[in-house]
Amino acid sequence: MFGLTAHKRTEPPGWGSVCIFPAALALALFLGLGLLALTGRPPLAVLGALLSGAFGSVRAVEETLLKTAPIFLCSLGVAATFRIKVWNIGAEGQYALGAVGGTAVALAFPGLPASVLLPLMFLGAALAGALWAAIPALLRQRLAVNEIITTLMLNYLGILFLDWLVYGPWKDPASHGFPMTALFAPGAVLPRIPGTRLHWGLPLCAALGLGLWFFLSRTRLGFELKASGEGRRTATYARMPYDALVLLVMGLCGALAGWAGLIETSAGLGRLQPTVMAGYGFTAIVVAWLARLRPLAIAMAAFLLAALRVGVENLMLDFSVPAAFGRILEGLILLCVLAGQFFTTFTLRRSKPLAPNPAPEPAPKPTGEAA
Amino acid sequence: MLMKRLALVLAAACLALTLAACGSGEKKAEEKKEAPAAAQAKQEAPAPAPAAESAMQVGFIYVSPIGDAGYSFAHDLGRKALAGMPGVTTSYVESVPEGADAERIIRNMAAKGFKVIFTTSYGYMDPTLKVAGEFPDTVFMHCSGYKTAPNMGAYFGRIYQARYLTGMVAGSMTKSNILGYVAAFPIPEVIRGINAFALGAQKVNPKAEVRVVWTKTWYDPATEKEAAKSLLDVGADVIAQHQDSPGPQEAAQEKGAYSVGYNSDMSAFAPKSHLTSAIWNWGVYYANVVEKVKAGTWKSSSDWWGMDKGIVDIAPFGPMVPKEVQDKVLAAKAELAAGKDTVFAGPVLDQKGETRAAAGQTIPDADLLGMTWFVKGVVGATE
Numbered sequence: 022m023f024g025l026t027a028h029k030r031t032e033p034p035g036w037g038s039v040c041i042f043p044a045a046l047a048l049a050l051f052l053g054l055g056l057l058a059l060t061g062r063p064p065l066a067v068l069g070a071l072l073s074g075a076f077g078s079v080r081a082v083e084e085t086l087l088k089t090a091p092i093f094l095c096s097l098g099v100a101a102t103f104r105i106k107v108w109n110i111g112a113e114g115q116y117a118l119g120a121v122g123g124t125a126v127a128l129a130f131p132g133l134p135a136s137v138l139l140p141l142m143f144l145g146a147a148l149a150g151a152l153w154a155a156i157p158a159l160l161r162q163r164l165a166v167n168e169i170i171t172t173l174m175l176n177y178l179g180i181l182f183l184d185w186l187v188y189g190p191w192k193d194p195a196s197h198g199f200p201m202t203a204l205f206a207p208g209a210v211l212p213r214i215p216g217t218r219l220h221w222g223l224p225l226c227a228a229l230g231l232g233l234w235f236f237l238s239r240t241r242l243g244f245e246l247k248a249s250g251e252g253r254r255t256a257t258y259a260r261m262p263y264d265a266l267v268l269l270v271m272g273l274c275g276a277l278a279g280w281a282g283l284i285e286t287s288a289g290l291g292r293l294q295p296t297v298m299a300g301y302g303f304t305a306i307v308v309a310w311l312a313r314l315r316p317l318a319i320a321m322a323a324f325l326l327a328a329l330r331v332g333v334e335n336l337m338l339d340f341s342v343p344a345a346f347g348r349i350l351e352g353l354i355l356l357c358v359l360a361g362q363f364f365t366t367f368t369l370r371r372s373k374p375l376a377p378n379p380a381p382e383p384a385p386k387p388t389g390e391a392a
Numbered sequence: 101m102l103m104k105r106l107a108l109v110l111a112a113a114c115l116a117l118t119l120a121a122c123g124s125g126e127k128k129a130e131e132k133k134e135a136p137a138a139a140q141a142k143q144e145a146p147a148p149a150p151a152a153e154s155a156m157q158v159g160f161i162y163v164s165p166i167g168d169a170g171y172s173f174a175h176d177l178g179r180k181a182l183a184g185m186p187g188v189t190t191s192y193v194e195s196v197p198e199g200a201d202a203e204r205i206i207r208n209m210a211a212k213g214f215k216v217i218f219t220t221s222y223g224y225m226d227p228t229l230k231v232a233g234e235f236p237d238t239v240f241m242h243c244s245g246y247k248t249a250p251n252m253g254a255y256f257g258r259i260y261q262a263r264y265l266t267g268m269v270a271g272s273m274t275k276s277n278i279l280g281y282v283a284a285f286p287i288p289e290v291i292r293g294i295n296a297f298a299l300g301a302q303k304v305n306p307k308a309e310v311r312v313v314w315t316k317t318w319y320d321p322a323t324e325k326e327a328a329k330s331l332l333d334v335g336a337d338v339i340a341q342h343q344d345s346p347g348p349q350e351a352a353q354e355k356g357a358y359s360v361g362y363n364s365d366m367s368a369f370a371p372k373s374h375l376t377s378a379i380w381n382w383g384v385y386y387a388n389v390v391e392k393v394k395a396g397t398w399k400s401s402s403d404w405w406g407m408d409k410g411i412v413d414i415a416p417f418g419p420m421v422p423k424e425v426q427d428k429v430l431a432a433k434a435e436l437a438a439g440k441d442t443v444f445a446g447p448v449l450d451q452k453g454e455t456r457a458a459a460g461q462t463i464p465d466a467d468l469l470g471m472t473w474f475v476k477g478v479v480g481a482t483e
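Protein sequences, first through last, are from chains A and U.
My numbering applies: residue 22 is where the first sequence begins, and numbers increase by one.
My numbering applies: residue 101 is where the second sequence begins, and numbers increase by one.
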């Protein structure tokens, strides 16, 4: 096509892997801002507002970090399951269950001091999320039910369960009939780090990210997880407990997504209400793939995505940009980065001029078999 | 192999994007509908960049995209009504989720020096209160809630009065005596509107019953249209709605039934079926608040304006509404406009037939604001 043929690289592009991601990002921004320029908005000023909205002040960076936390935790969990090729798209439901599990503890023991109550809430959230995630894992093992379907369906069940609780048994009698629990007792609200707007969930995220990175790349179990990604037969041949590993990563994802739900409920809202569901569980799938399932890259991708979402709000305020623009920009970035990943495995070379007329034989499409 | 993997990644990413879009209910359709909104924004000129020192910045936070002919559209008409005021500039952020995101956006506005901030949806109440505590010199106005602070007022309009009038129209026009009502969430604001609609219909047609379907969405044209179809299928011949999309209007027109709109005049979406709409005129209220803040006479209060102040109204009748029906409804409207509100005057019975307000009594505002039960003649559950 265009007189170019794709060839598989025999070795990774040295300079390329460093440049490709920023280049893709720049291209996406260029296209997005070009779109705005067509509507008469000055592109450079818009870019400035985008950046200052996300990083322009201490407050902006704090807000971006706060927005990063739930995306990061869900993505981390999802990536762990994708590594073993379990296609778990159920982080949204696990997030809901985590919010429910943590809230159950918060409502049951409002009198406990924070030092006892918060760990219990985290335990409750992790258990609820992990058990919810274990359902599709067990169904897959026992009945060979496709986990894509079950995790997807359990999302809706989880969200409806949350809705039922806040519209029904947990509804605050003082809420004028609106669906929400009572405000949490002070001991159930994740405290802020003194002097900042950040809460203690962020250091926890950092620790979890590092822990998971260590676990996946430096421990035997982590290696087994990676190897099991090749499939049950490979794993069984190598005498790895495949079923237990699947259960482990699903439980891990459930716990991480559950903590994301708990953090948003406790630190973000201070009560459980349906609006705690913001789609982070689905966003996580995109982030995990963008970062190619590597924990530290996930941290970066989650941070950048949060920055984009926070920064776009500034554009809406300063330049009357419609809300959909943020979505468009996200889509552009995703497409550009994925397209860019093509260049990490392939290189384009000029086709050899065979004959004056291009032969009708095998279209010079990039196929894996060629290599 | 590698191409396969790449294709897999792409497929997964597309799936994820689709899911992300579907994930948060209202967002699904938002993108489809965004085109007209973007077009509008274009014409409006992206003026309100950093305003001059002297100009007073007034900010609005909307829960849905403005281009939807619905709730946020109506608020944005109110914002535009401020455009003529000297020394006032306005800006807005649309599609703001009612969770932790709202607090950040409100704080960003306050930090940018906006003098008056209108947060136009119930779910913004606690975030608004929180930020109001941090910015004592900014005036915060929260729509449809009940919490106030020295620098935070609450406001809403008695849209139920307009609903009552539209109920009278619907009750007069129905032949099957079944009125369908596509409703968003079982919260007091919506329940109150359904009750007022039912009472209006029963006023002119005691046999009329109102069937309710909950969509659990504020803005999702496809879901809301489907809900309307399900009501048409059980025999409803007038469709009313508490939704921000015109989906139910379209469903009614396609089936040859009648429809009653909400938020703004929805006749353009279903000219053949549109009887009237219960509409908002937020502009009169916004101008009032901004004038007071400019003059330094603003004080925190809870305002619940009615038809007498012009904040709510009904849209012009469709051509199919007979003159005598129009006259009857306009007479009732004149009473409401004169400040005589008898919508919830007793006797009011609930679904079980128990008396909620005896003859001579009127349901007090506090009970209206926390209404979680249906009046007699409404078919459906409040949860």
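Some hints could be false.
As the list claims (entries may be wrong) - Taking lysine to aspartate or glutamate pairs in the DMTMM-like style, the calculated list, with each CA pair at most 25 Å apart, reads:
1. U:LYS247 / U:GLU391
2. U:LYS372 / U:ASP403
3. U:LYS212 / A:ASP184
4. A:LYS29 / A:GLU251
5. U:LYS316 / A:ASP184
6. U:LYS428 / U:ASP441
7. U:LYS316 / A:GLU245
8. U:LYS428 / U:GLU326
9. U:LYS423 / U:ASP441
10. U:LYS316 / U:ASP441
11. U:LYS316 / U:GLU424
12. U:LYS247 / A:GLU251
13. U:LYS452 / U:GLU435
14. A:LYS192 / U:GLU289
15. A:LYS192 / U:ASP467
16. U:LYS423 / U:GLU391
17. U:LYS399 / U:ASP237
18. A:LYS192 / U:GLU483
19. A:LYS192 / U:GLU391
20. A:LYS192 / U:GLU424
21. U:LYS230 / A:GLU83
22. U:LYS215 / A:GLU83
23. U:LYS247 / A:ASP193
24. U:LYS440 / U:GLU483
25. U:LYS180 / U:ASP465
26. A:LYS192 / U:GLU309
27. U:LYS230 / A:ASP193
28. U:LYS409 / U:GLU483
29. U:LYS329 / U:ASP365
30. U:LYS275 / U:GLU483
31. U:LYS212 / U:GLU424
Just so you know, these hints were derived from the structure itself, not from any lab.
**Message:** Tell me the numbers of any earlier hints that the structure contravenes, in ascending order.
**Reply:** Checked against the structure, the hints that fail are numbers 2, 3, 7, 8, 10, 11, 12, 13, 16, 19, 20, 24, 25, 26, 28, 30 and 31, while the rest are satisfied.
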